[in-house]
Amino acid sequence: MAADKPHMNLAVIGHIDHGKSTLVGRLMYEAGAVPAHIIEKYKEEAKQKGKESFAFAWVMDSLKEERERGITIDIAHKRFDTPKYYFTVVDCPGHRDFVKNMITGASQADAAILVVAAPDGVMAQTKEHIFLSRTLGISQLIIAINKMDAVDYSEAKYKEVVEQVSGLLKMIGFKPADIPFIPTSAFMGDNITKLSEKTPWYKGPVIMQALDELKEPEKPSTLPLRIPVEDAYTISGIGTVPVGRVETGVMKKGDKVVFMPGGAGGEVKSIEMHHEEIPQAYPGDNIGWNVRGIGKNDVRRGDVCGHTDNPPKVADEFVGQIVVLQHPSAITAGYTPVFHAHTSQIACQLIELNKKLDPKTGQVKEENPTFIKAGDAAIVTIKPTKPMVIEPVKEIPQLGRFAIRDMGMTIAAGMCMSVKQK
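The opening position of the sequence shown corresponds to residue 1 in full-length UniProt numbering, with each subsequent residue numbered one higher.
Among the hints, erroneous ones may be present.
[Said to hold, decoys possible] Derived pair list, reagent style SDA-like, types lysine to any residue, alpha-carbon separation capped at 25 Å:
hint, residue 1, residue 2
1, Lys127, Lys420
2, Lys84, Asp178
3, Lys170, Glu155
4, Lys394, Ser221
5, Lys420, Ala333
6, Lys47, Glu155
Hints listed in this document are in silico derivations from the structure and should not be mistaken for laboratory results. None of the values given here were measured: they were computed from a predicted structure.
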(Lines of atoms letter the chains of each structure in order from A and count residues from 1; the text may use other names and numbers.)
(Lines give C-alpha, C1' and ligand atoms only; values in the text may rest on other atoms or scores of the structure.)
Protein backbone atom coordinates (compact mmCIF):
# COMPACT_ATOMS: atom_id res chain seq x y z
CA MET A 1 0.00 0.00 0.00
CA ALA A 2 1.60 3.28 -1.10
CA ALA A 3 0.34 5.24 1.87
CA ASP A 4 3.73 6.92 2.13
CA LYS A 5 3.25 8.59 -1.27
CA PRO A 6 1.03 11.62 -1.66
CA HIS A 7 -2.28 10.81 -3.35
CA MET A 8 -3.73 12.72 -6.31
CA ASN A 9 -7.07 12.35 -8.08
CA LEU A 10 -6.59 12.77 -11.80
CA ALA A 11 -9.40 13.51 -14.24
CA VAL A 12 -8.93 12.68 -17.90
CA ILE A 13 -11.15 14.96 -19.94
CA GLY A 14 -11.78 15.86 -23.57
CA HIS A 15 -13.99 15.22 -26.57
CA ILE A 16 -15.36 11.77 -27.37
CA ASP A 17 -13.06 9.57 -29.49
CA HIS A 18 -10.01 11.70 -28.79
CA GLY A 19 -8.38 8.76 -27.03
CA LYS A 20 -8.96 9.37 -23.32
CA SER A 21 -9.55 5.75 -22.36
CA THR A 22 -6.66 4.55 -24.51
CA LEU A 23 -4.36 7.08 -22.83
CA VAL A 24 -5.46 5.97 -19.36
CA GLY A 25 -5.13 2.29 -20.27
CA ARG A 26 -1.63 2.99 -21.60
CA LEU A 27 -0.67 4.87 -18.42
CA MET A 28 -1.92 2.03 -16.22
CA TYR A 29 -0.01 -0.46 -18.35
CA GLU A 30 3.24 1.55 -18.41
CA ALA A 31 3.00 2.15 -14.67
CA GLY A 32 2.67 -1.59 -14.12
CA ALA A 33 -0.87 -1.31 -12.75
CA VAL A 34 -2.18 -3.67 -15.42
CA PRO A 35 -0.29 -6.88 -16.11
CA ALA A 36 0.89 -7.44 -19.68
CA HIS A 37 -1.11 -10.66 -20.08
CA ILE A 38 -4.36 -8.77 -19.48
CA ILE A 39 -3.47 -6.32 -22.25
CA GLU A 40 -2.63 -9.28 -24.51
CA LYS A 41 -6.03 -10.79 -23.77
CA TYR A 42 -7.76 -7.50 -24.59
CA LYS A 43 -5.71 -7.19 -27.79
CA GLU A 44 -6.88 -10.61 -28.94
CA GLU A 45 -10.47 -9.82 -28.08
CA ALA A 46 -10.27 -6.42 -29.79
CA LYS A 47 -8.76 -7.99 -32.91
CA GLN A 48 -11.61 -10.48 -33.16
CA LYS A 49 -14.15 -7.67 -32.93
CA GLY A 50 -12.23 -5.68 -35.54
CA LYS A 51 -11.50 -2.94 -32.99
CA GLU A 52 -7.80 -3.37 -32.57
CA SER A 53 -7.15 0.19 -31.43
CA PHE A 54 -9.44 -0.30 -28.43
CA ALA A 55 -7.22 -2.72 -26.48
CA PHE A 56 -5.86 -0.17 -23.98
CA ALA A 57 -9.18 1.60 -23.72
CA TRP A 58 -10.77 -1.62 -22.53
CA VAL A 59 -8.62 -1.60 -19.44
CA MET A 60 -10.74 1.33 -18.31
CA ASP A 61 -14.01 0.39 -19.96
CA SER A 62 -14.39 -2.80 -18.10
CA LEU A 63 -18.15 -2.57 -18.23
CA LYS A 64 -19.50 -4.92 -20.89
CA GLU A 65 -21.99 -2.42 -22.24
CA GLU A 66 -19.21 0.05 -22.80
CA ARG A 67 -17.21 -2.49 -24.74
CA GLU A 68 -20.08 -3.15 -27.03
CA ARG A 69 -20.85 0.50 -27.55
CA GLY A 70 -17.19 1.51 -27.62
CA ILE A 71 -17.69 4.50 -25.31
CA THR A 72 -17.01 5.36 -21.68
CA ILE A 73 -20.04 5.62 -19.44
CA ASP A 74 -19.30 5.35 -15.78
CA ILE A 75 -16.49 6.93 -13.86
CA ALA A 76 -14.10 4.09 -13.28
CA HIS A 77 -11.71 4.61 -10.37
CA LYS A 78 -8.37 3.04 -11.19
CA ARG A 79 -5.07 3.39 -9.46
CA PHE A 80 -1.47 3.68 -10.70
CA ASP A 81 1.82 4.96 -9.32
CA THR A 82 4.47 7.32 -10.62
CA PRO A 83 7.80 7.67 -8.80
CA LYS A 84 6.41 10.56 -6.72
CA TYR A 85 2.63 10.10 -6.41
CA TYR A 86 -0.05 7.53 -6.43
CA PHE A 87 -2.95 8.48 -8.66
CA THR A 88 -6.58 7.52 -8.72
CA VAL A 89 -7.84 8.09 -12.23
CA VAL A 90 -11.31 9.47 -12.51
CA ASP A 91 -11.89 8.64 -16.17
CA CYS A 92 -14.37 11.22 -17.34
CA PRO A 93 -16.72 10.30 -20.12
CA GLY A 94 -16.50 12.52 -23.18
CA HIS A 95 -19.72 11.42 -24.77
CA ARG A 96 -22.44 14.06 -24.72
CA ASP A 97 -24.99 12.08 -22.71
CA PHE A 98 -22.41 11.57 -20.07
CA VAL A 99 -21.32 15.13 -19.34
CA LYS A 100 -23.22 14.89 -16.07
CA ASN A 101 -20.94 12.02 -15.00
CA MET A 102 -17.99 14.06 -16.19
CA ILE A 103 -19.08 16.82 -13.80
CA THR A 104 -19.06 14.43 -10.87
CA GLY A 105 -15.64 13.13 -11.93
CA ALA A 106 -14.00 16.48 -12.51
CA SER A 107 -15.31 17.89 -9.26
CA GLN A 108 -13.28 15.24 -7.44
CA ALA A 109 -10.04 15.84 -9.29
CA ASP A 110 -6.87 17.58 -8.15
CA ALA A 111 -5.53 17.84 -11.69
CA ALA A 112 -6.62 16.94 -15.20
CA ILE A 113 -5.16 15.68 -18.44
CA LEU A 114 -7.04 17.24 -21.32
CA VAL A 115 -6.84 15.01 -24.37
CA VAL A 116 -7.13 16.74 -27.76
CA ALA A 117 -6.77 14.66 -30.92
CA ALA A 118 -4.27 16.19 -33.35
CA PRO A 119 -6.37 15.49 -36.49
CA ASP A 120 -9.48 17.24 -35.06
CA GLY A 121 -8.12 19.96 -32.81
CA VAL A 122 -10.54 21.75 -30.49
CA MET A 123 -14.11 20.38 -30.60
CA ALA A 124 -17.31 21.46 -28.82
CA GLN A 125 -16.70 19.21 -25.86
CA THR A 126 -13.07 20.19 -25.59
CA LYS A 127 -14.36 23.69 -24.81
CA GLU A 128 -17.11 22.51 -22.49
CA HIS A 129 -14.71 20.34 -20.50
CA ILE A 130 -12.11 23.10 -20.16
CA PHE A 131 -14.73 25.57 -18.89
CA LEU A 132 -16.20 23.03 -16.51
CA SER A 133 -12.90 21.92 -15.09
CA ARG A 134 -12.06 25.56 -14.34
CA THR A 135 -15.38 26.22 -12.63
CA LEU A 136 -15.12 22.97 -10.70
CA GLY A 137 -11.86 24.13 -9.26
CA ILE A 138 -9.22 22.17 -11.19
CA SER A 139 -6.20 24.43 -11.31
CA GLN A 140 -3.57 22.11 -12.78
CA LEU A 141 -3.71 20.88 -16.35
CA ILE A 142 -1.60 18.74 -18.65
CA ILE A 143 -2.54 18.81 -22.33
CA ALA A 144 -2.02 15.63 -24.35
CA ILE A 145 -2.16 16.30 -28.08
CA ASN A 146 -3.03 12.76 -28.97
CA LYS A 147 -3.18 10.62 -32.13
CA MET A 148 0.05 12.17 -33.43
CA ASP A 149 0.52 8.94 -35.40
CA ALA A 150 -2.56 9.92 -37.43
CA VAL A 151 -0.89 13.16 -38.60
CA ASP A 152 2.54 11.58 -39.26
CA TYR A 153 3.98 13.23 -36.14
CA SER A 154 3.78 16.64 -37.85
CA GLU A 155 5.24 19.47 -35.78
CA ALA A 156 3.19 22.02 -37.76
CA LYS A 157 -0.07 20.24 -36.86
CA TYR A 158 1.01 20.03 -33.21
CA LYS A 159 1.73 23.78 -33.14
CA GLU A 160 -1.62 24.55 -34.72
CA VAL A 161 -3.50 22.62 -32.00
CA VAL A 162 -1.34 24.21 -29.27
CA GLU A 163 -2.41 27.64 -30.63
CA GLN A 164 -6.10 26.69 -30.61
CA VAL A 165 -6.06 25.27 -27.10
CA SER A 166 -3.95 28.15 -25.72
CA GLY A 167 -6.55 30.64 -26.96
CA LEU A 168 -9.28 28.84 -25.01
CA LEU A 169 -7.17 28.53 -21.88
CA LYS A 170 -6.33 32.25 -21.84
CA MET A 171 -10.02 33.13 -22.05
CA ILE A 172 -10.70 31.52 -18.70
CA GLY A 173 -7.60 32.52 -16.84
CA PHE A 174 -5.18 29.61 -17.31
CA LYS A 175 -1.61 30.53 -18.30
CA PRO A 176 -0.62 28.38 -21.30
CA ALA A 177 3.06 29.09 -20.56
CA ASP A 178 2.74 27.10 -17.30
CA ILE A 179 1.05 24.11 -18.94
CA PRO A 180 2.83 21.26 -20.72
CA PHE A 181 1.50 20.47 -24.22
CA ILE A 182 2.69 16.94 -24.96
CA PRO A 183 2.46 15.35 -28.41
CA THR A 184 1.35 11.76 -27.78
CA SER A 185 0.09 8.64 -29.40
CA ALA A 186 -1.58 6.70 -26.61
CA PHE A 187 -2.09 3.77 -28.98
CA MET A 188 1.57 3.60 -30.07
CA GLY A 189 2.92 4.71 -26.69
CA ASP A 190 4.76 7.85 -27.87
CA ASN A 191 5.91 10.33 -25.19
CA ILE A 192 4.11 8.51 -22.41
CA THR A 193 7.07 7.27 -20.35
CA LYS A 194 9.99 8.27 -22.56
CA LEU A 195 10.66 10.74 -25.36
CA SER A 196 9.71 9.31 -28.74
CA GLU A 197 12.20 9.37 -31.62
CA LYS A 198 9.23 10.09 -33.89
CA THR A 199 8.96 13.61 -32.40
CA PRO A 200 12.62 14.71 -32.36
CA TRP A 201 11.37 18.32 -32.41
CA TYR A 202 9.69 17.95 -29.00
CA LYS A 203 11.91 18.64 -25.99
CA GLY A 204 9.44 18.94 -23.10
CA PRO A 205 8.36 16.45 -20.43
CA VAL A 206 6.63 13.16 -21.25
CA ILE A 207 3.26 12.38 -19.60
CA MET A 208 4.74 10.46 -16.64
CA GLN A 209 7.20 13.28 -15.93
CA ALA A 210 4.50 15.93 -16.24
CA LEU A 211 2.40 14.00 -13.72
CA ASP A 212 5.27 14.01 -11.24
CA GLU A 213 5.75 17.75 -11.77
CA LEU A 214 2.21 18.48 -10.60
CA LYS A 215 2.05 20.30 -7.26
CA GLU A 216 0.63 18.35 -4.39
CA PRO A 217 -2.82 19.72 -3.54
CA GLU A 218 -3.21 21.32 -0.15
CA LYS A 219 -4.97 18.92 2.12
CA PRO A 220 -8.03 20.69 3.50
CA SER A 221 -7.85 18.52 6.62
CA THR A 222 -8.37 21.48 8.97
CA LEU A 223 -11.78 22.28 7.45
CA PRO A 224 -14.98 20.63 8.79
CA LEU A 225 -15.56 17.03 7.68
CA ARG A 226 -17.52 16.71 4.43
CA ILE A 227 -17.98 13.44 2.53
CA PRO A 228 -20.49 13.52 -0.33
CA VAL A 229 -22.08 10.08 -0.69
CA GLU A 230 -21.62 8.52 -4.14
CA ASP A 231 -23.57 5.39 -3.32
CA ALA A 232 -24.62 3.19 -0.42
CA TYR A 233 -24.28 -0.60 -0.37
CA THR A 234 -25.72 -3.24 1.90
CA ILE A 235 -23.01 -5.75 2.75
CA SER A 236 -24.03 -8.89 4.59
CA GLY A 237 -22.51 -9.16 8.05
CA ILE A 238 -21.59 -5.46 8.06
CA GLY A 239 -24.73 -3.54 7.16
CA THR A 240 -25.05 -0.31 5.22
CA VAL A 241 -21.80 1.02 3.75
CA PRO A 242 -21.86 4.46 2.11
CA VAL A 243 -18.99 5.16 -0.28
CA GLY A 244 -17.53 8.49 -1.30
CA ARG A 245 -14.48 10.71 -1.34
CA VAL A 246 -13.45 12.71 1.69
CA GLU A 247 -13.50 16.29 0.42
CA THR A 248 -12.50 18.08 3.63
CA GLY A 249 -11.71 17.27 7.23
CA VAL A 250 -10.68 13.99 8.83
CA MET A 251 -12.88 11.07 9.87
CA LYS A 252 -11.76 8.63 12.55
CA LYS A 253 -13.23 5.41 13.83
CA GLY A 254 -15.58 6.20 16.71
CA ASP A 255 -16.52 9.68 15.38
CA LYS A 256 -20.16 10.77 15.69
CA VAL A 257 -21.41 11.68 12.22
CA VAL A 258 -24.62 12.82 10.57
CA PHE A 259 -25.88 12.53 6.99
CA MET A 260 -27.58 15.66 5.64
CA PRO A 261 -30.12 16.64 4.45
CA GLY A 262 -31.83 13.57 6.00
CA GLY A 263 -30.35 13.96 9.48
CA ALA A 264 -29.69 10.26 10.21
CA GLY A 265 -26.52 9.74 12.22
CA GLY A 266 -24.49 7.47 14.42
CA GLU A 267 -21.00 6.35 15.30
CA VAL A 268 -18.38 5.36 12.71
CA LYS A 269 -17.69 1.63 13.16
CA SER A 270 -15.15 1.07 10.40
CA ILE A 271 -13.48 2.81 7.43
CA GLU A 272 -12.11 0.99 4.41
CA MET A 273 -10.01 2.11 1.44
CA HIS A 274 -8.82 -0.04 -1.48
CA HIS A 275 -10.27 -3.05 0.41
CA GLU A 276 -8.18 -2.46 3.51
CA GLU A 277 -9.43 -1.21 6.83
CA ILE A 278 -7.91 2.13 7.89
CA PRO A 279 -8.14 3.94 11.28
CA GLN A 280 -8.83 7.36 9.76
CA ALA A 281 -9.57 8.95 6.40
CA TYR A 282 -8.14 12.18 4.97
CA PRO A 283 -9.15 14.53 2.15
CA GLY A 284 -8.77 12.85 -1.23
CA ASP A 285 -9.37 9.32 0.11
CA ASN A 286 -12.03 7.29 -1.69
CA ILE A 287 -13.56 5.27 1.14
CA GLY A 288 -16.41 3.08 2.29
CA TRP A 289 -17.50 3.56 5.89
CA ASN A 290 -19.97 1.88 8.16
CA VAL A 291 -22.03 3.81 10.71
CA ARG A 292 -23.74 2.12 13.64
CA GLY A 293 -27.52 2.38 13.39
CA ILE A 294 -27.71 3.57 9.78
CA GLY A 295 -30.07 1.59 7.55
CA LYS A 296 -30.25 1.28 3.77
CA ASN A 297 -33.02 3.90 3.56
CA ASP A 298 -31.26 6.49 5.71
CA VAL A 299 -28.56 7.39 3.24
CA ARG A 300 -28.44 7.92 -0.51
CA ARG A 301 -26.34 9.44 -3.26
CA GLY A 302 -26.17 13.22 -2.89
CA ASP A 303 -26.21 13.16 0.91
CA VAL A 304 -23.21 14.65 2.68
CA CYS A 305 -21.67 13.20 5.82
CA GLY A 306 -20.19 15.50 8.47
CA HIS A 307 -19.51 15.54 12.21
CA THR A 308 -22.58 16.07 14.39
CA ASP A 309 -21.02 19.17 15.99
CA ASN A 310 -20.58 20.86 12.58
CA PRO A 311 -23.13 19.35 10.22
CA PRO A 312 -23.26 20.06 6.46
CA LYS A 313 -25.42 23.11 5.58
CA VAL A 314 -28.85 22.41 4.11
CA ALA A 315 -29.95 25.31 1.93
CA ASP A 316 -33.45 26.74 2.01
CA GLU A 317 -32.07 29.05 -0.66
CA PHE A 318 -28.61 30.22 -1.67
CA VAL A 319 -26.92 32.97 -3.66
CA GLY A 320 -24.69 31.83 -6.49
CA GLN A 321 -22.40 33.41 -9.02
CA ILE A 322 -22.87 31.72 -12.38
CA VAL A 323 -21.50 31.86 -15.91
CA VAL A 324 -23.95 30.92 -18.65
CA LEU A 325 -22.06 28.65 -21.07
CA GLN A 326 -24.91 28.00 -23.51
CA HIS A 327 -28.66 28.41 -23.71
CA PRO A 328 -30.84 28.53 -26.83
CA SER A 329 -32.75 31.59 -25.57
CA ALA A 330 -32.78 33.78 -22.49
CA ILE A 331 -32.87 32.73 -18.83
CA THR A 332 -35.33 34.58 -16.59
CA ALA A 333 -36.44 34.30 -12.96
CA GLY A 334 -38.55 31.18 -12.48
CA TYR A 335 -36.25 28.98 -14.61
CA THR A 336 -35.87 25.54 -12.92
CA PRO A 337 -32.98 23.47 -14.35
CA VAL A 338 -31.08 20.66 -12.58
CA PHE A 339 -28.15 21.62 -10.36
CA HIS A 340 -25.25 19.18 -10.02
CA ALA A 341 -23.33 19.91 -6.83
CA HIS A 342 -20.84 17.37 -5.43
CA THR A 343 -22.79 14.09 -5.88
CA SER A 344 -26.30 15.54 -5.77
CA GLN A 345 -28.56 16.33 -8.71
CA ILE A 346 -31.51 18.47 -7.69
CA ALA A 347 -33.85 20.75 -9.64
CA CYS A 348 -33.48 24.32 -8.37
CA GLN A 349 -35.38 27.46 -9.27
CA LEU A 350 -33.70 30.76 -10.06
CA ILE A 351 -36.00 32.96 -7.97
CA GLU A 352 -34.14 36.22 -8.56
CA LEU A 353 -31.57 37.60 -10.99
CA ASN A 354 -29.69 40.03 -8.74
CA LYS A 355 -26.84 41.35 -10.88
CA LYS A 356 -25.33 40.91 -14.32
CA LEU A 357 -21.51 40.97 -14.27
CA ASP A 358 -18.84 41.59 -16.86
CA PRO A 359 -17.41 38.05 -17.22
CA LYS A 360 -13.90 39.40 -17.83
CA THR A 361 -13.61 41.81 -14.90
CA GLY A 362 -16.34 40.63 -12.52
CA GLN A 363 -17.67 44.23 -12.23
CA VAL A 364 -21.43 44.78 -12.02
CA LYS A 365 -22.89 45.67 -15.44
CA GLU A 366 -26.57 45.76 -14.53
CA GLU A 367 -28.68 45.51 -11.35
CA ASN A 368 -31.75 43.22 -11.40
CA PRO A 369 -31.54 42.29 -15.11
CA THR A 370 -34.75 40.90 -16.64
CA PHE A 371 -32.83 38.08 -18.31
CA ILE A 372 -29.36 36.59 -18.81
CA LYS A 373 -28.06 34.71 -21.84
CA ALA A 374 -25.08 32.67 -23.09
CA GLY A 375 -21.79 34.40 -22.26
CA ASP A 376 -23.22 36.35 -19.31
CA ALA A 377 -22.02 36.10 -15.75
CA ALA A 378 -24.52 36.86 -13.00
CA ILE A 379 -25.34 36.74 -9.32
CA VAL A 380 -28.61 34.87 -8.75
CA THR A 381 -30.75 33.67 -5.85
CA ILE A 382 -31.56 29.97 -6.08
CA LYS A 383 -34.18 27.86 -4.32
CA PRO A 384 -33.73 24.05 -4.36
CA THR A 385 -37.00 22.13 -4.97
CA LYS A 386 -35.98 19.70 -2.23
CA PRO A 387 -33.45 19.77 0.62
CA MET A 388 -29.90 20.08 -0.68
CA VAL A 389 -26.48 20.41 0.91
CA ILE A 390 -24.28 23.19 -0.42
CA GLU A 391 -21.61 25.31 1.27
CA PRO A 392 -20.31 28.82 0.55
CA VAL A 393 -17.24 28.51 -1.66
CA LYS A 394 -15.23 30.78 0.70
CA GLU A 395 -15.84 28.43 3.64
CA ILE A 396 -15.64 24.99 1.99
CA PRO A 397 -14.63 25.44 -1.66
CA GLN A 398 -14.91 21.70 -2.33
CA LEU A 399 -18.67 21.85 -1.68
CA GLY A 400 -19.37 25.26 -3.09
CA ARG A 401 -19.28 24.61 -6.84
CA PHE A 402 -22.04 23.43 -9.12
CA ALA A 403 -23.01 22.94 -12.73
CA ILE A 404 -26.45 23.64 -14.16
CA ARG A 405 -27.89 21.26 -16.76
CA ASP A 406 -30.98 21.27 -18.90
CA MET A 407 -31.99 19.84 -22.30
CA GLY A 408 -29.09 17.39 -22.21
CA MET A 409 -26.42 20.06 -21.97
CA THR A 410 -24.50 22.08 -19.44
CA ILE A 411 -26.18 25.47 -19.37
CA ALA A 412 -24.02 27.15 -16.76
CA ALA A 413 -21.49 26.59 -14.03
CA GLY A 414 -21.09 28.47 -10.82
CA MET A 415 -20.23 28.74 -7.18
CA CYS A 416 -22.21 29.33 -4.01
CA MET A 417 -21.59 32.68 -2.30
CA SER A 418 -23.91 32.39 0.71
CA VAL A 419 -26.49 29.97 2.13
CA LYS A 420 -29.77 30.71 3.90
CA GLN A 421 -30.19 27.56 5.97
CA LYS A 422 -33.42 25.63 6.41
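Comparing the hints with the structure gives:
Under the criterion of a C-alpha separation no larger than 25 Å, the hint pairing Lys127 with Lys420 is inconsistent with the structure, at around 33 Å. Note on Lys84 and Asp178: the hinted pairing holds, with a Cα-Cα distance of about 20 Å set against a maximum of 25 Å. Simply put, Lys170 and Glu155 have alpha-carbon atoms about 22 Å apart, close enough for the 25 Å limit, and the pair holds. The hinted pair formed by Lys394 and Ser221 meets the criterion: a straight-line CA distance of about 15 Å does not exceed 25 Å.
At roughly 18 Å between alpha-carbon atoms, Lys420 and Ala333 fall within 25 Å of each other, so this suggested pair holds. Among the hinted pairs, Lys47 with Glu155 is inconsistent with the structure: their alpha-carbon atoms are about 31 Å apart, more than 25 Å.
Hint violations for this structure: numbers 1 and 6, all remaining hints satisfied.
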